[in-house]
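Q: Based on the sequences and whatever the hints tell you, model everything.
Number of protein chains: 2
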Amino acid sequence: MSSFSFNLIKTDTQSKARVGVLNTPHGVIETPIFMPVGTQASVKGVNQQDLANRIKAQIILANTYHVFLRPGLDVLQHAGGIHNFINWQKPMLTDSGGFQVFSLSDIRKIKEEGVEFRSHLDGRKLFFTPEFAVDVQRTIGADIFMAFDECPPYPCDYNYAKNSMHLTHRWLDRCFNRYNQTEGLYEYEQALFPIVQGSVYKDLRTQSAEYIASKNAIGNAIGGLSVGESHEQMYEITDLVCQILPENKPRYLMGVGTPENILECIALGVDMFDCVMPTRNARHGFIFTSEGVINIKNQKWEKDFTPLDNQFTPEYSKAYVKHLIKCNEILGAQIASLQNLSFYLWLVTEARKHITAGDFTSWKTQILSVITRRL
Amino acid sequence: MSSFSFNLIKTDTQSKARVGVLNTPHGVIETPIFMPVGTQASVKGVNQQDLANRIKAQIILANTYHVFLRPGLDVLQHAGGIHNFINWQKPMLTDSGGFQVFSLSDIRKIKEEGVEFRSHLDGRKLFFTPEFAVDVQRTIGADIFMAFDECPPYPCDYNYAKNSMHLTHRWLDRCFNRYNQTEGLYEYEQALFPIVQGSVYKDLRTQSAEYIASKNAIGNAIGGLSVGESHEQMYEITDLVCQILPENKPRYLMGVGTPENILECIALGVDMFDCVMPTRNARHGFIFTSEGVINIKNQKWEKDFTPLDNQFTPEYSKAYVKHLIKCNEILGAQIASLQNLSFYLWLVTEARKHITAGDFTSWKTQILSVITRRL
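So the sequence lines, in the order shown, correspond to chains C and W.
Quick note on numbering: the first sequence equals residues 445 to 819 in my numbering.
Quick note on numbering: the second sequence equals residues 445 to 819 in my numbering.
Careful, some of the hints might be misleading.
Which copy is meant is left open, because identical chains are indistinguishable; a pair holds if it fits in one copy or across any two.
What the hints assert, rightly or not - Computed list of lysine-lysine pairs in DSS-like fashion (alpha-carbon distance at most 25 Å, straight line): (1) 488 <-> 741; (2) 770 <-> 488; (3) 747 <-> 534; (4) 569 <-> 770; (5) 488 <-> 747; (6) 693 <-> 555; (7) 659 <-> 741; (8) 460 <-> 606; (9) 693 <-> 454; (10) 659 <-> 555; (11) 646 <-> 693; (12) 534 <-> 797; (13) 553 <-> 500.
Honestly, the hints are just simulated from the structure, not real lab data.
A: In structure tokens, the structure reads:
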């Protein structure tokens, strides 16, 4: 009997949006959900209490490549896994290092066997194979972990995309082999999610989604989007893939995106999202609020003593946060990150409520007109 | 009837340590007290709720020079003063800019009339006079503000120290003249504290302390220490000055210091302290704990999963904080700053309890043997 189960509670009649509950060894995730990114085992600028209590995060991410380098597997294993290491007892997810195949393209070589990286810290050689990525993620110990894939760049010619997709599929078989031969190290089950690739080519995406669906995994992911293609292309591919991936399994769209991207992709049947945007934008002073978008560095906020957001950060005025961000004070990043993540979690929670209530589509139109305003 | 009053509750019989209560327009300060430093209107890495609720800060500082430059007086005045601007309704104190006469010695010229600075941000000329320092601090609106002084360097020859002290005294008269001609801008009273100078020369310190005492101010400060002289010299001068400054007024030793400095100077009759050490050290991984001092970057903490400090930061292990500080994660600075400031406030609160209980001296010996250990 698996610790994982996904219950589809409601599907919208006017869109493909769904409300679900994903049970994991570290608790329940109510979908659709946004997952804050903790690249180096910390969501930048936010402590774990605020993540749980103020932001109401239900699951957070860490990056395998980064935590493999620091603190390293030895530390994570001695800690009894990443949950204990960071003191976060709710669900976690790790990517596989596959995204760094894309983002660190200057310092890696792709081979059939796996990917050779140069550490961005000290230049030492690392060799990630599908088997090793599974072993590493077993040691990290997230509830959900990802298959080792190649995330091709955009634009990417058809042949490259096709070969890359087939490589990802062969790697997927090797991941599942290793996954099935091994068990979690910390007395709880871990789920391996495979990843659909195929760039922006519909026939490849179809083929990939069918292959991934055939694996009958606990959940499935869509990778290789939000890498430079247009929003229309992203939506088109997401729509196509969601129609092929099994209905009774959670669907995770990796690395997406803006609030608008998230609502549109919820409408296409996506259940899980992650993105660095809320925290990265926060540090640069780009604030998402329930009334619209703010560039807090603008002079116009200098004497605006109203709260940054009445709902999420009522304690701090726009003028104060502007001052902090301009002065590069740590507290500026803290407040802005708290605000942006609170906003993202609120947005998906509201989406969930409106899918349940049956007015998701009209709510989406209305809320997008508010939250995408430039204040 | 002044909003300020200082009640001396108990004086230790075996030392000159005192327990007092300083009433201010924004509430009560129980002395001896440590005041966290918020240079640019933010205590680095700590939010105002944690300052009040976890660290239990009773009063915090801001630097006049820095907040004058950013956000500037216009913003602070429109906010209704710095308390409103930062949303901190407990007492605050501002220095006068005098310390920047010392710390920015490359970019300033001292004249009888005042000090010409070059802004460290954009190089523009600023001219601070005693009158202007009072006006600026009226606009900032801290409960307690400081006279504009010259903090001479160390070492400093006798003649320089003597001339500088006389200049500080002439400036003090000009500060009090302006102070007495003006009122607070925000419907509460502000206290001006004069500052004893005189470098490490006892006759000058005696003369300065007598001059400062003659002003009959609400409280008095000792400046120009902790600038490079030995701890023994600091204690000797502090002892001398405390014996001259009025007993029934709070005594503030500016910019001091280590936990040991603070306990030793409490024993000499000091009531108020401030220092950037807890937050600055925190950011570099030097942690004060109730069991001793930790350099968290040391390899020995890599797999130490015990709390950073059971008492103050039980949620985070040494291993995790080491990882965060090594990776330069914002959360590392947040946790370490929370820890160090919690420790400093705990230390002065414990000192207060033990003065009240009558065993301060023996407690001081015992606790110093614990908290100065290198772990």
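Q: Could you run down the list of hints and mark each one as holding or not?
A: We went through each hint and held it up to the structure:
In this assembly of identical chains, residue 488 and residue 741 lie within 25 Å of each other by CA distance both inside one copy and across copies; the values are 20 Å within and 19 Å between. Taking the shortest alpha-carbon separations for residue 770 and residue 488, both the intra-copy value of 18 Å and the inter-copy value of 14 Å come in at or below 25 Å. For the identical chains of this complex, residue 747 and residue 534 are inter-copy neighbours only, at 22 Å across copies versus 40 Å inside a copy, given an alpha-carbon limit of 25 Å. Proximity of residue 569 to residue 770 under the C-alpha cut-off of 25 Å is restricted to the inter-copy arrangement: shortest distance 21 Å between copies versus 39 Å within a copy.
In this assembly of identical chains, residue 488 and residue 747 lie within 25 Å of each other by CA distance solely across copies; the values are 22 Å between and 28 Å within a copy. Taking the shortest alpha-carbon separations for residue 693 and residue 555, neither the intra-copy value of 31 Å nor the inter-copy value of 76 Å comes in at or below 25 Å. For the homomeric pair residue 659 and residue 741, neither the shortest alpha-carbon distance inside one copy (48 Å) nor that between copies (45 Å) is at most 25 Å. Within a single copy, residue 460 and residue 606 get their C-alpha atoms no closer than 28 Å, and across copies no closer than 82 Å, so neither meets the 25 Å cut-off.
Taking the closest pair of Cα atoms, residue 693 and residue 454 come within 25 Å of each other only inside a single copy of the chain (13 Å); across copies the shortest separation is 70 Å, beyond that limit. Taking the shortest alpha-carbon separations for residue 659 and residue 555, only the intra-copy value of 24 Å comes in at or below 25 Å, while the best inter-copy value is 80 Å. With identical chains, the CA atoms of residue 646 and residue 693 are at most 25 Å apart within one copy only, with a shortest distance of 22 Å there and 80 Å across copies. Within a single copy, residue 534 and residue 797 get their C-alpha atoms as close as 22 Å, which meets the 25 Å cut-off; across copies the closest is 40 Å, which misses it.
In this assembly of identical chains, the alpha carbons of residue 553 and residue 500 never lie at most 25 Å apart, being 39 Å within a copy and 53 Å across copies at closest.
When held up to the earlier numbered hints, the structure conflicts with 6, 7, 8, 13 and fits the remainder.
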